[in-house]
Amino acid sequence: MHAPHTATPTVTQPRSWRSRLSSLDVKYSPYAYVAPFFILFGLIGLFPLVYTFVVSLNDWNLLTGPGDWVGFANFSRELGDALFWNSLFNTFSIFLLSSVPQIITAVVIAALLDQNLRAKTFWRLSVLIPYVVTPVAVALIFSNIFGEKYGLVNNVLGSIGLDPVMWKTETFPSHVALATMVNWRWTGYNTLIVLAAMQAVPRDIYESAAIDGAGPVRRFLSITIPSIRPTLIFVIITSTIGGLQIFTEPKLFNAASSVPGGPQRQYQTTVLYLWDLAFNRQEFGRAAAVAWILFLLIVAIGVLNFLLARTISGTETRLVSRRRHTRAASLTAGSITKEPRA
Amino acid sequence: MTTFRRRSAIGAAFASLALLATACSPTATDAASPGATDTTKPATSKPATSEPAAPAENIELTITTFGTMGLDGLYKEYEQAHPGITIKATNIDTGGNALTDWQTKQAAGAGLPDVQAVEEGWLSKVMSVSDSFTDLRDYGASDIASRWVPWKVAQATDQKGRIIGYGTDIGPQGICFNGKSLKAAGMPGDRDGFAQLLGGKDATWQKFFDVGKQYRDKTGKAWYDQSGFVWNSMVNQLDEGYYTKDGKLNVKDNAQLKERWTMLADAAKAGLSSNQTQWDWGGGKAFLDDSFATFVCPGWMLGVVKGQVEAGGGDATSGWDFADVYPGGAANWGGSFLTVPTTSKHPKEAAELAAWLTDAKQEVASFQAAGAFPSVVAAQQDPGVTGPSDLTKFFNNAPVGEILAKRAEGVKAQFKGPDDSVIQEQVFGPSVQAIDSGKADGQKAWDDAMKLLDTVVG
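Taken in order, these protein sequences are the chains called A and B. Letter by letter, the first sequence follows residues 1 to 342 in full-length UniProt numbering. Letter by letter, the second sequence follows residues 1 to 458 in full-length UniProt numbering.
By construction, these hints were calculated from the structure, which means they are not laboratory data. Heads up, a few of these hints could be off.
[What the hints assert, rightly or not] In silico lysine-lysine, DSSO-like type, Cα no more than 30 Å apart, as pairs: (1) B:Lys-269 to A:Lys-149; (2) B:Lys-221 to A:Lys-149; (3) B:Lys-444 to B:Lys-258; (4) B:Lys-180 to A:Lys-149.
Model, not experiment: these values are computed from the prediction.
Model the full assembly from the supplied sequences, consistent with the hints where possible.
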């Protein structure tokens, strides 16, 4: 092994070194380029996740630190705690009250913005304004608007002779108020994403549909909606994750309340409950367990969403292609023999 | 196209350079400053200083306070008297946010300031980790302990006898009342008349509620803003509150507590509570529109009342006054301490700063700035406290300082157990709100509270 190397030292060695370097470059540089993300993710994403899990297995006091190793006792205790279920109910209630109308409105507004409007950019950008306002400011403004004794909404209700609504102390009204905040902030954001998807739908499809005699509603339902389905799935999944993690709005809705999430915990969401456990009740271990339960729940709902969306979109494409076949079949008589099923 | 691309590349390079620079700068200056000042500072500062004890090197002391403690004006004065010391102060808006801030940093074991203000309500939590606070006896706390009212020192002493905090303010309670509203109801609207109406020295809660019912009958209006603060006061003045003196949970079979709860629930049922939102009061409007006529007022609350009235668009003519009377005898609500976490790199200087900030002269100054009533005996008798100020002007020229000094007599430090604040807020909070809004009667609200006690504390 030694002999051939030393025999031709001056000519081959630099070249082979350079070529080896370049082959190394080709092979491994991409990993170096993508590494920062994974290192960062490991540091600030994965590590806290694992550490939280370790904390959740301990009877961990926030101030005095780790106590006894309790295994999954924190998890079973939370699953048997009425306050935990209350927080979960509130989270889902607020989530449904916000996400469903929000996505429907976003799609409708996007469809309107997709038309040939005057001053397009102005209208399109102005829907994003609420999103620019920080959630803290939104919460403070809306908590004033929904004040029970001196709030704007109740003043208006009072002036037309209606009873005031207890926005901060009754369950359903408080959920509606919080959902309003979420909707106000996020509808514009989702509108723009949906609008971007609508812009990518080829115009000639609409034209040929119009020639075929399809009205605007029919075009919207049969062309626009199916075409933007992947984007809709994205919007639904991100708003699900956001909706289940809601914290700022309920925290600041009645900022000075001695119990976070309303005196009777009417709108204490799961993340707020988690915060309350950790920072008011010092139960760091149990709070970590709640964090993990929430994490698993979000993953489960995400998967469910995905499967559901895929099934729906699957049947829809089958339906559309079958319809196309039928139409093609009725147009050209010869193809009937080819496609007997249709 | 190419110029655009090149320009953006240069821009990116600059941005990353800027990032690097900002990321590096704090450590760079930190590392550089002690060395630099060691050589330059003594030469320039020596002729100017009269005290030879002043440290030669530059020290930065960080201090975290909250709410309106009235210390902000004092830092500069201290810096001038102590060359080489700079104070970096952080003030957090509310006590609750400050508690979260402290707990997070305490749990993380990093980021705590040299001097940390601690509220009475957190004491049970603070005492559970009292080892992580410097024993101020190492820096002369025993010599100056006679400054304060004795129970204030007792509160800051842990079970091993370590003194971990210097007292700033205390919260002796009197009653704020709206003289105009009372006069309109045909009741005495002056300070002495109002105090006599509630029974003067022998004022009881029963009497307070009875007078409230008379007021309610005459005007149809509520007597106090909401039951939460009243309940706080009723519990705080008991010899033993939610815990016995030896630290046992003392709620379920506590006859005194139950008796007071029944009284409060009856009052709420009779419409004496205006069911206001705590700390909000409609942006202060409720203090101006006759929503209620009385308000429980620890010293520091006077500043809050003034602030609320002003936020609602009112001023000294709105009729609010402060009376030397309190149902059920002396009571204390709130008050703070300055502590030195053991993570401080300059515990000696930090302890000196804390001691200076809580000396008589400075406590007088913070009383004048924020109405925080001093815990130092000499300061309580100082003309700066007993004399006129913005607060006295606002409260119909009531001798606020004198009254508070009288209201501080006979206060006892109640033992606060580990879950005291949780019981106050999370167990009784919902029930207090339920009796105010008429959702539950006294018995049901009490039973609900006991159920919550098992869930939350059990």
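Exercise for the section: For the pair we were handed, Lys-180 (chain B) and Lys-149 (chain A), check the Cα-Cα distance against 30 Å. Expected result: Cα-Cα ~23 Å, so holds.
Exercise for the section: With a cut-off of 30 Å on the C-alpha distance, tell me whether Lys-269 (chain B) and Lys-149 (chain A) pass. Expected result: Roughly 19 Å between the alpha carbons, so the hint for Lys-269 (chain B) and Lys-149 (chain A) holds.
Exercise for the section: Decide if the proposed pair is consistent with the structure: Lys-444 (chain B) and Lys-258 (chain B), CA atoms, cutoff 30 Å inclusive. Expected result: Judged against 30 Å, a Cα distance of about 12 Å means the pair holds.
Practice task
Take a quick look at whether Lys-221 (chain B) and Lys-149 (chain A) sit within 30 Å of each other, Cα to Cα.
Solution key: holds (15 Å)
Every hint, counting from the list given before, is met by this structure.
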